[in-house]
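Undergrad: Sequence:
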Amino acid sequence: MRMSQLFLPTERQPPADAEALSHKLMVRAGLVRQLGSGLWTWLPAGWRTHQRVVQLIREEIDAIGGQEMLMPVLQPAELWKRSGRYQAIGDELFRLHDRRDADMVLAMTHEEAVTFHAAQSVRSYRDLPMILYHFQIKERDEPRPRAGVLRTREFIMKDSYTFDRDAEGLAASYQLHREAYARIYDRAGLEWFECRSDVGMMGGTMAHEYMAPCAAGEDDVVLGAGGYSANLEIATADAQPVAPLSDEIAGELHTPGQTTIEAVAGGLGVPAGNLLKAFPVIAEERGLVLAFVRGDHRIGDIKLTNALGQTWRPANESELPGPAGFLGPKDGVDMVFDEAIAPGRYVVGANAPDHHAVFAYEGGETLDIRLVEPGDSIGGAPVRIEPAIEIGNIFQLGTRYSVPLGLTFSDEHGKEHPVFMGSYGIGPARIAAAAVEQYGDERGIAWPKSIAPFDVEVVALGKPGTPEQEAAAGLYRQLQAAGFSTLLDDRASGTGEKFADAELLGAPLRLTVGKRSLESGIAEAQLRRGQVDQEGGVPLATAAEAVQALWPTIP
RNA sequence: CGGAACGUGGCGCAGCCUGGUAGCGCACCUGCUUUGGGAGCAGGGGGUCGCGGGUUCAAAUCCCGCCGUUCCGACCA
115 MRMSQLFLPT
125 ERQPPADAEA
135 LSHKLMVRAG
145 LVRQLGSGLW
155 TWLPAGWRTH
165 QRVVQLIREE
175 IDAIGGQEML
185 MPVLQPAELW
195 KRSGRYQAIG
205 DELFRLHDRR
215 DADMVLAMTH
225 EEAVTFHAAQ
235 SVRSYRDLPM
245 ILYHFQIKER
255 DEPRPRAGVL
265 RTREFIMKDS
275 YTFDRDAEGL
285 AASYQLHREA
295 YARIYDRAGL
305 EWFECRSDVG
315 MMGGTMAHEY
325 MAPCAAGEDD
335 VVLGAGGYSA
345 NLEIATADAQ
355 PVAPLSDEIA
365 GELHTPGQTT
375 IEAVAGGLGV
385 PAGNLLKAFP
395 VIAEERGLVL
405 AFVRGDHRIG
415 DIKLTNALGQ
425 TWRPANESEL
435 PGPAGFLGPK
445 DGVDMVFDEA
455 IAPGRYVVGA
465 NAPDHHAVFA
475 YEGGETLDIR
485 LVEPGDSIGG
495 APVRIEPAIE
505 IGNIFQLGTR
515 YSVPLGLTFS
525 DEHGKEHPVF
535 MGSYGIGPAR
545 IAAAAVEQYG
555 DERGIAWPKS
565 IAPFDVEVVA
575 LGKPGTPEQE
585 AAAGLYRQLQ
595 AAGFSTLLDD
605 RASGTGEKFA
615 DAELLGAPLR
625 LTVGKRSLES
635 GIAEAQLRRG
645 QVDQEGGVPL
655 ATAAEAVQAL
665 WPTIP
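When we follow our numbering, the leftmost residue of the first sequence carries the number 115, and every step to the right adds one.
A hint or two may mislead.
Lysine-lysine pairs mimicking BS3-like chemistry, simulated, CA-CA at most 27 Å apart [said to hold, decoys possible]:
#1 K577 to K529
#2 K563 to K138
#3 K195 to K252
Hints were generated in silico from the structure; no laboratory data involved.
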C-alpha cells in the first residue's frame with residue numbers, strides 16, 4: 115500500500131477527552147474514529163489489524179475442530195424469554211419492536227440462537243461432540259462506554275459454543291478451548307494470564323477469564339506465588355496478621371459520633387484490624403444477615419453472594435438490628451464471619467448510639483467474603499494486585515440453555531438427555547487495544563508483528579519522482595512480492611513527519627531509503643519495538659532475502 | 001445510578017465573567033524556496049459558535065429547557 119493513496123488520517127494531538135494510551139494512540143494513528151458514545155468505526159489501517167487478529171483466532175479455533183457459521187444480531191425476543199434472560203437482564207439488552215410490533219432484541223451474545231439451531235438438528239449422541247462458532251457483532255447498552263475501543267456498545271466477538279453429552283465431555287471441550295486460547299494470545303504477542311472468574315450473567319458452573327495487564331485495565335487481578343492468578347472479585351489470599359487488642363481497652367466504650375472505622379480506631383489509638391466491621395444485608399432466603407470482616411478489610415460483593423449461595427441487597431435503615439454506625443454482634447441475629455478474623459478480642463459496635471464494646475470472638479459461621487488487600491500473601495509470598503483488561507472468557511454452561519430451549523439427544527439406549535454446553539468469547543478489538551497498551555510508548559504504537567497493520571514501512575525520503583523515491587518503490591515491490599505486507603511512505607512530506615508517522619503507526623520494521631542509500635546501496639533498518647537500529651541495514655538489491663532473515667528475530 | 005466537566009472550521013484551544021467586526025496554533029489549497037526528525041516566505045479557502053426558546057436595538061457571550069460527549073465512582077462478557 116502506498117501511503118499517498120491510503121486513508122490514514124493521523125493527528126498530532128490526541129482527542130482532548132482521551133485518557134487511556136490505546137485510545138489516544140489508536141485515534142492519533144488513524145486506526146479508529148468515534149461515531150457516538152461507545153460506537154467506533156475502524157478505518158482501513160485499523161481494520162487490517164482487526165482482520166489479522168480475527169484470522170489468527172479463526173486458525174486456532176478451526177484447529178480444534180470449530181465450524182465457522184454466522185447468526186443474526188437482530189433476534190426474536192421469544193428466544194430470550196424462553197431462556198429467561200429477557201427478564202433477567204436489565205437495560206443492557208437493547209429491546210425493540212418490528213413493524214408488526216413483535217418484541218425483538220439485539221443480541222449481546224448468541225447462546226440462545228446457537229442452542230435453538232442445535233435443538234432443531236441434534237438428535238443423537240452420534241451428533242456430539244460439536245463446536246460451532248462465529249465472528250459477529252454484539253450489542254450491549256453499556257452504562258458507561260470508555261477508553262476508546264476498550265469498552266464499547268457495539269463490538270465484534272468470536273464466540274464459540276461446544277456441545278457434549280455429559281460433564282466429562284464438556285470438560286474436554288473446555289480444555290481444548292483453554293489450549294487454543296493460550297495459543298491465540300501467545301501468537302498475538304500479548305502478555306496475558308488466565309484467571310478463575312465468576313460466572314456472572316452467563317450462568318453455569320465454571321469460568322475462566324483471560325486478562326492482559328495494562329494501565330487502562332478495568333479489573334484488578336491478584337497474582338501470587340505458584341502461578342496463582344484470579345480476579346480480585348473472587349481471589350483468596352492469607353491476610354496480614356494483626357496484633358491482639360490491648361487489654362487496656364475493655365468494656366463499654368463511649369465513641370460519640372464515631373461512625374466510621376477510621377474514627378473509632380483513631381479515637382482509641384488502635385489499628386483498624388482490631389475492629390470488626392458489620393455489614394447488614396438482606397439475603398434472598400435467609401433474610402437479615404450481619405456479615406463481619408476485620409476493620410482493615412472490605413467485603414467482596416461477589417464473594418459474599420457466592421459464599422451465601424444466594425443473592426442479597428444491603429439492608430435499609432429500618433431493617434438494621436441497631437443504630438447505623440454502631441452495629442455489632444447481637445444475640446438472635448443471623449451472623450457470618452470472615453475467615454480472616456482470628457479468634458480474639460475486637461472492638462465492635464455496641465448496638466447503642468455513640469457506643470462501642472469489646473467482643474471476644476471464638477468462632478461462628480465462617481465464610482471467605484473479604485477482598486484481597488495489598489500486603490496479603492499466598493504460600494508465604496506477598497501478592498501483587500495489577501490492573502488488567504479482559505481479553506476473553508470461557509464458561510462451562512452445563513445445561514443452563516439446553517434445558518429451557520429443549521436441546522436434548524438420545525443415548526445408546528434411546529434415552530433423552532440434555533446437552534452439556536460451553537461458551538467461549540474473545541474480542542479482537544480488545545486484543546488490538548491491549549497490544550497498543552502494553553507496547554505503546556510516547557512516540558506511538560509498537561505492534562507485535564503478528565497483528566501489525568503492516569509488516570514493514572518503507573520510508574521514502576525526498577519528493578515523489580526523485581531517485582531515492584524510485585529506489586524506495588523498488589524496495590517496496592520486492593517486499594510485497596516476497597509476501598510482506600508493506601506500506602510505502604511516498605508522500606511529499608518532510609523527513610520528520612514521515613518518521614513521526616511511521617513511529618505512530620508502529621509497523622515492526624522500518625526501512626529508510628534516502629540519498630545515502632543511493633550511494634551505499636543500503637536501506638537503513640530499525641525495529642519499532644525499542645527503536646533498535648539494525649547493524650548494516652538492508653541491501654537494496656537483496657532486500658527480500660535480508661528481511662526474511664531478519665523477520666524471525668522480531669517480536 | 002451518584003459526582004464533576006465540556007460542546008466555537010478536520011484536531012487542539014482562546015473569546016463568554018463585563019452583550020456590539022468570530023480569533024489563534026496545527027491541518028488544508030496556490031506559488032516559490034526547502035528536504036535525514038513534525039520546514040520557511042507570500043497569498044487563500046473553510047465555522048448554522050450543539051439544538052430550541054426567552055431577554056435585548058443587538059446574544060458565541062445573559063436566562064430557561066433539551067440534546068450530545070467525556071472523566072471519577074457504581075455497574076459491567
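Undergrad: Give a verdict on every hint.
TA: Hints, verified against the model:
no.: 1; hint: K577 to K529; result: violated (77 Å)
no.: 2; hint: K563 to K138; result: holds (21 Å)
no.: 3; hint: K195 to K252; result: holds (18 Å)
Going through the hint list in order, the structure does not satisfy hint 1, though it satisfies all others.
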